[in-house]
Each structure stands twice: as C-alpha cells, then as structure tokens.
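Make a model of the complete structure from these sequences and hints.
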Amino acid sequence: MAVTRRSLETGSNGLVAPQVVAPASTPRRRTPRVSGGARAAAQRTWPALVGVAVLLGLWQLIVSLLHTNPTVLPTPWRVAVQGWDNREELWQNALPTIQETLIGIASALVVSAVLATIVDLSKIARRVIYPMLVASQSIPVIVIAPLFVIWFGFGLLPKVLVIILVTFFPTTVSLLEGFNSTEPEASRLIRSMGGGRLQEFWKLRVPTSLPFFFTGLRVAVSFAVLAAIFGEWVGAINGLGIYMELEKNALRTDLVFAGVVVTAIISMILYGLTFVLQRLVMPWYSRSRQAQRSS
Amino acid sequence: MKAAASPDTFLVHEGSSVEVAGVSKSFRRKGESLSVLQGISLEAAGGEFISVIGPSGCGKSTMFNILAGLEVPDSGDVRVNGAVVTGQTEHFAYMPQKDLLFPWRRVIDNAGLGLEIQGMKRSQARARVEPLLETFGLTEFASCYPFELSGGMRQRVALLRTVVQGRPVVLLDEPFGALDYLTRTDLQLWLSSMWEQFHWTVILVTHDVPEAVLMSDRVYVLGARPATVKRVVEVDLGRPRGLDCLGTAHFAELEEVLLQELRTPERPADGLEIRR
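So the sequence lines, in the order shown, correspond to chains G and Y. Under my numbering, the first residue of the first sequence is numbered 1, with each subsequent residue one higher. Under my numbering, the first residue of the second sequence is numbered 1001, with each subsequent residue one higher.
Calculated directly from the structure, the hints in this document are not laboratory data. Do not take every clue at face value.
Where chain Y lies over chain G, by a calculated footprint (3+ residues, C-beta under 8 Å) [what the hints assert, rightly or not]:
hint, stretch
1, 196-206
2, 285-291
Which residues of chain G face chain Y? A few of them, derived with a C-beta cut under 8 Å, are [unchecked claim]:
hint, residue
3, Ile-62
4, Ala-186
5, Ser-192
Listed below are the simulated DSSO-like cross-link pairs for lysine-lysine, each with C-alpha atoms no more than 27 Å apart in a straight line [claimed, not checked]:
hint, chain 1, residue 1, chain 2, residue 2
6, Y, Lys-1030, G, Lys-203
7, G, Lys-203, Y, Lys-1098
8, G, Lys-123, G, Lys-203
9, G, Lys-123, Y, Lys-1121
10, Y, Lys-1098, Y, Lys-1121
Note that beta-carbon positions come from the ideal geometry of N, C-alpha and C, so glycine has one too.
Written as structure tokens, this is what we have:
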C-alpha cells in the first residue's frame, strides 16, 4: 500500500517540475533550529538552481555569439531586464490569470468530488458516467475553447470552463482510484461494527483516497495554469495568455518570454501549495512517510 | 495490570452465552455447489473462552462471517443468550487478523471507531475509551498515530477497539498471526490476563495450537472442507495461566492431542489418490 503511494508520488513528481518539488515535499519537521532547516533546504535546492543557471548561461552565450536578432530569440538577460521594466504590466496581467486558475481548480474540484462520490456509491451511475468521463477527455479543447468565447464572451466563465474541462479528469480519476484502494477487510470491519454504506464512505473510503487525490491535484494544478493561459489566448481582455499573444504580434519576443517566466513561477507556487495543503489535511501522512524514510 | 477501570465501563454482558447450532453453508462457484461448512455446532457459556482450530482453507473465515452477521448460513442458527441472532451484526465484536488501524486516526480515536460508527460523537467515544487506556497499557500513546506504534501495541489498540463496543461476544480472528514469536507470546499472556480480569465471552479462531491451549476453556477442531467439528477438547488447565503453564506436561499432552487430530487420516489418503 505504502509502496503504491510512494510510486504514485514519484510518478507525478517526475511528470512536472521536479526541482520545485524537492524543498516542498521534504520539509524538516523536527529540526531543532530554524537556520539548520533553512540550510538543509538550501542544500537541496542548489543543484536545481545551478542547473537552471548553466542552461541560461549557455543560452546567453550562444545567442550573443551568433548575434541573433532579438525578435527571433532574445538573450535571457534581455528577457530579465525587459521583464523587470514591464513588471507593472506583467503583474496586472498575471492577476486575472491567477484568479481564473484558482476559481477554475476550485470548480473542477467540486465537479470531481460530486462525480466521484456518485460513481463510487452507485454501480449504475458508474456504468453511465464512467464512459462519459473518459469520452470527455477526447474533446479537443483547442476547438471547443473558441466556441466558449462565442457563447460566453470574454469574461471569466469561458476560462473557468476550459480549466474544468482540462483538470476535472485527473482529480476525479485519482479520487476513484483512492476510493477503490480501500482494503476490503476494513470495509468488513466497519460493517461488523454496524456501519452502513455512507459511514463506510466517510470514515474509510474518503480518508483512504486522500493521498491519491493529492497526486491527482498536483497534475491538475499544472494543467490548470496552462488551461487558463490557453483560455485567454483564444480571447480575453487581459491575462497572461492574451498579453503574450499581443506581445508576439508586436514582435516583442523578449516580453513573450517574460510572460512564460511569470507563468512558470505561478505554476511552481501553486504546485508547492498543494504540499502545504496536503500537510494541513493529512498531517499523519507526511509524518508516517518521513518516519518510513528515516527508518 | 490490575483492574484500573471498573468492569462496567466495558458494558460487558456478563454471562452472555453463544451457541452455533447446525450451521451449514455452501457457495456456488462456476456452477458447482461447494459445501464449506456442514452442520457446525459449538457453544460457549457466558464468560467462557473457546477456540476453533482447523487446517487452512477449512472455512473458518466463512464461519466468522456468519457469526459476525456478515453472511447468512444456508441452514442452522446463531444464538446469543438463547435468542436467534443469525445475520445480525450487533451482538459480536470482531477483531480481524490485521489490526486495520486507520492511519489517519490517533490511537484514542482508532479505539473509539466502533463507538462512533454506532452513533456516538467523537468526544463521547473518547470519554468512553479514555479510562481504559491505562488497563491496556496505552496511556502514553493515546495521541499517537498508528505508524508510531509497534506491532504488539497496534494489536492492543485493536483489542481495545473491539471490546470497548460492549457487545456480548468477542470474536478473535487469528489476532496475533502476523506478529513475531516473542511479541505473540507476550500478547497471548497479556490477553489471557485481560480475559481473566473481565471474563468476556470469546470465540478465538486460530492456526496456532499452543495459543488455543493457553487461552481456551475448550477447543473445537474442524476437519477439512466441508468443515465439520471433528473433536472437542476440554482444556482442564488451571487459571491463571502464565508462562510457566506452557512448560507443563499436561500442556504438552493437550497440544499433542490437538495436533494429532488436525493431522489425521485425510492427508495420507489424499496422497495415495494423487499417486494413482
């Protein structure tokens, strides 16, 4: 059981930005001094930072040596400088993107919680909903998203819909998987205590599913930011998606890259927040995994 | 280990007797009817400790499900204090083979799980469990999570979770099967002393012959499928039984009788048939 969980975890870590995960996933709970904890965190972070620095250095070097036109490929230094000069505008466009992402994820969570609960509690619902769930993933978002703009305009709603469409699947499937990983023996125990289906669900299946859910949530979060950008890209008043599109049309490739950097930062922060949330919701889980690791 | 909690905190139905009368059960598998239990009868008077031993796959778990009310027999009854309770769950407190402590519940809340399922608020369940922690040697672990406990401690929590429900009969399903020899012996002696203190009516199912002898007033030996009661052995060792009891000649004698009974005829006969 524990092994499955761990492999699931690493699976998701491998999928998205592993260098962000390291400091968040292994916090030092029982370190006596704060500075010691900070030092340990720094020790774990520096390889990632060095890696990024080396890549940027190479990029800088090659572009300067080849004298590439900055509208084709700017140097990282130029991206940084121009990004800083335009920080006000970037921030103003990042805000709506962040807002859409958060509202989108929250809505997707509600949708998947409801769906997963219904599917788990009723066999018939399972047969009806599961195929639709899978089919929903073959909807080409690229085609649907512009339709959302036609139907619902340039506001918040079409973006939220795109995010829901993209993210509810991983969270729903991980919840269902989590429910199903409940030990039949434990269900028997609850029944022998006189518990019914609902009690089994709340007291056993839901807590069992949590580690799986958080794995799904991490996948969903990284998709959600991209979905928000895409939702804006097809039509919006402001937001990083439309910002990058407009800067691209203005041949400001450096500012397009600056937008990419901001997007990446938002993704990383949200990704890290899932670990904070996990720690709050399942204090027993991270502690037991830490204990396993150290033993 | 002396009684710190008054027995009434357990709501023990002192003297609840249990009787299994002619229980049979068969399953359909691939169109064939497979008889698992055939006319099983056993009984325990109030406050008695009985054991059921048998070869693996003899249908013990089916019998347990029937006792716990999770399955209904094809024929026969389960009676508690003379009343037919077949198919009802509320008379038996069941302790499974694995401890099945929930990793997200602290010790005190794992112990109170049954009470919560039966409708108590968490605070009420805690209040019920709390005075018993000391008796079970769990006081300092009350707010630990299960992963912080040793295998033996986890079984103590599991037993507390079982008996605190205050149901008339306690069902133990190979409760110490997964533990190492030393821990197992410790817990067997401990359980024995707990039983001597509280006199629950207990049905223990086990593979472990010495365990059955050490704990029980009476041992039922089941034969291979379909399971029937092959022999009933009264364990006439005195109480309390401690470590010293394990070394006595009479203990060894009873052990041998049971082992002999478990190993008898079917096996060589099976072997011969295979050779042909």
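Verification of the supplied hints:
Check result for the stretch 196-206 of chain G against chain Y: holds, 3 residues qualifying (beta carbon to beta carbon below 8 Å, three or more required). A stretch counts as covered by a chain when three or more of its residues have a beta carbon under 8 Å from one of that chain; for the stretch 285-291 of chain G and chain Y the count is 4, and the coverage holds. For G:Ile-62, the interface hint is violated, the least distance from its beta-carbon to any beta-carbon of chain Y being 51 Å, above 8 Å. The beta carbon of G:Ala-186 comes within 5 Å of a beta carbon in chain Y, closer than 8 Å, and the hint placing it at the interface holds.
A cut of 8 Å between beta carbons decides the hint on G:Ser-192: the least distance to chain Y is about 4 Å, and the hint holds. Proximity of Y:Lys-1030 to G:Lys-203 is assessed by CA-CA distance (about 35 Å); at most 27 Å being required, the pair is judged violated. Straight-line distance between C-alpha atoms of G:Lys-203 and Y:Lys-1098 comes to about 18 Å, which keeps the hinted pair within the 27 Å bound. At roughly 20 Å between alpha-carbon atoms, G:Lys-123 and G:Lys-203 fall within 27 Å of each other, so this suggested pair holds.
About 31 Å separates the Cα atoms of G:Lys-123 and Y:Lys-1121, which puts this hinted pair outside 27 Å; it is violated. Taking the CA atoms of Y:Lys-1098 and Y:Lys-1121, the gap is about 26 Å. The hint holds against a cut of 27 Å.
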